[in-house]
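Spelled out from the first residue to the last, the chains are:
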Amino acid sequence: MASVDPTRTPEDESKELVEQEYRLIAGQSEHFGWECRLEDVGDYDIVYVKIMKLEGRTFVLRLECDDYARQAPLATFANPKGWDDPQLKDDVQPEFWPTGASYLSPRGKPHPAMCIRGQREYYEDNWHAGWTNPPARQDRIYELVVNIRHAILDLWA
Amino acid sequence: MPEQFEITIVYGTNKPLTVTETATIDTVKLRAMDEFAIPRAEASQYILRAKVDGKEVQLDERLTVEQSKLHPHEKVTLAAGTPYGQR
Chain P
1 MASVDPTRTP EDESKELVEQ EYRLIAGQSE HFGWECRLED VGDYDIVYVK
51 IMKLEGRTFV LRLECDDYAR QAPLATFANP KGWDDPQLKD DVQPEFWPTG
101 ASYLSPRGKP HPAMCIRGQR EYYEDNWHAG WTNPPARQDR IYELVVNIRH
151 AILDLWA
Chain S
1 MPEQFEITIV YGTNKPLTVT ETATIDTVKL RAMDEFAIPR AEASQYILRA
51 KVDGKEVQLD ERLTVEQSKL HPHEKVTLAA GTPYGQR
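Which chain is which? The protein sequence lines are P and S, in order.
My numbering puts the first residue of the first sequence at 1, with every later residue one more than the last.
My numbering puts the first residue of the second sequence at 1, with every later residue one more than the last.
Mixed in with the good hints there might be a few duds.
[What the hints assert, rightly or not] Heads up, simulated DSS-like pairs for lysine-lysine below, C-alpha to C-alpha not over 30 Å straight-line:
#1 P/K109 / S/K15
#2 P/K89 / S/K69
#3 S/K69 / S/K15
#4 P/K109 / P/K89
#5 S/K51 / P/K53
#6 P/K53 / S/K69
#7 P/K53 / S/K55
#8 S/K51 / S/K15
#9 S/K51 / S/K69
#10 P/K89 / P/K53
#11 P/K53 / S/K75
#12 P/K89 / S/K15
#13 P/K81 / S/K51
#14 S/K55 / P/K81
#15 P/K50 / S/K15
#16 P/K50 / S/K51
Simulated from the structure, these hints should not be mistaken for lab results.
This is chain S alone, in the form it adopts within the complex (with noise of 0.2 Å):
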């Protein structure tokens, strides 16, 4: 069984998340959407960043939560990829 354990998703507020090591980033970041109510439609205009080895960085979702090096009780911010114009 791969392990599971809780992080901590950052969006205006903190709500937990338990998650397993094998899941997907894409996968975390929809679940985190589903607990902001945020339509799983708009997944493309969202991301999700952490602190990796000390630097702030948008996690990639094709990496799993072991290969992000995610740890329990860490905060995961959910924010916007595409806040900018096109113009």
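Chain P with its partners taken away, still in its complex shape (with noise of 0.2 Å):
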């Protein structure tokens, strides 16, 4: 019979099932040309992925994993000089999200709202359907990264 470790916690248990997540994404850093980090601020990870689009600019995507998979990652854009300077890896800013026409709402926010599943606004006030605990293959956090990664290759400056 499996013993349960009662010093472990509901976020223990969310930063295991994020750090796993997160060892998919650095394993591939070399095939997807990305840097990643990953940041325990306590209670919760958070996720750091500098995507790169050639020529062109440089995306840092700050994901917040806070009661996952109860709920799915908060997805911001960072200032992409706060992978050098720790200081601002934090300043959020509507001009650091990607633009473009396809797939980004303004939803009434300072930022566009991606529209990929997988990242907390994609649910927000019932904008869609789907997330489920524990999240489907296609919404885990390496895919939504993936999926962030190909959108700015291909659709988005």
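Hints are included, so try docking the two chains, each in its own frame, into the full complex.
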């Protein structure tokens, strides 16, 4: 019979799930040409992925994974200068978001909301249904990062 | 006999897949999905991407491996084809 560790908290379990996904992301850094970092902020993890568009902008995708997988990660874009300057790593401004006509919607926010599954805003206010715990294969964090990368490469500037 | 060689399918982890030059990309995708235990019924939700002539593109499923210019040991990404919402 499996024993239950009484010292393990829901936050520990959440971080373990995020760290499993992070290992997949980190393992494909060379293939996808991205850089990534994981930050443990106590109760949850934040995943940062630097995605460079060839001959274009550099984006730092910031995934706040509080209460994962009960809810999807909050995906934002942080100041690319924060990759080298820790004081700016959580500087999230609309100007750091990608631009484009496809699958980016204002949704009454200062930044465009990404119409891509697997991130919190996609499901907010019943914009779309479908988030489950555990997440469907297509909604896991690794897939989200791959899908956002492809949108940046193919659709966005 | 058409030439056979091994490519690497990337879907979180990497898995080798032996392909023939005459196989269509559609067939390669289905076999790649099998490797990762993704039901074939979900085939329309997935695509293959690879670097062709130095540029990363979605592979045309009607073309063959040879026509797609895939080469031995090439890494081919299995990814969602429709991760976007409908509204």
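Hints, one by one, checked against the model:
no.: 1; hint: P/K109 / S/K15; result: violated, 41 Å
no.: 2; hint: P/K89 / S/K69; result: violated, 40 Å
no.: 3; hint: S/K69 / S/K15; result: holds, 20 Å
no.: 4; hint: P/K109 / P/K89; result: holds, 21 Å
no.: 5; hint: S/K51 / P/K53; result: holds, 15 Å
no.: 6; hint: P/K53 / S/K69; result: holds, 24 Å
no.: 7; hint: P/K53 / S/K55; result: holds, 12 Å
no.: 8; hint: S/K51 / S/K15; result: holds, 18 Å
no.: 9; hint: S/K51 / S/K69; result: holds, 9 Å
no.: 10; hint: P/K89 / P/K53; result: holds, 19 Å
no.: 11; hint: P/K53 / S/K75; result: holds, 20 Å
no.: 12; hint: P/K89 / S/K15; result: violated, 35 Å
no.: 13; hint: P/K81 / S/K51; result: holds, 29 Å
no.: 14; hint: S/K55 / P/K81; result: holds, 27 Å
no.: 15; hint: P/K50 / S/K15; result: holds, 25 Å
no.: 16; hint: P/K50 / S/K51; result: holds, 20 Å
Of the numbered hints stated above, those contradicted by the structure are hints 1, 2 and 12, listed in ascending order.
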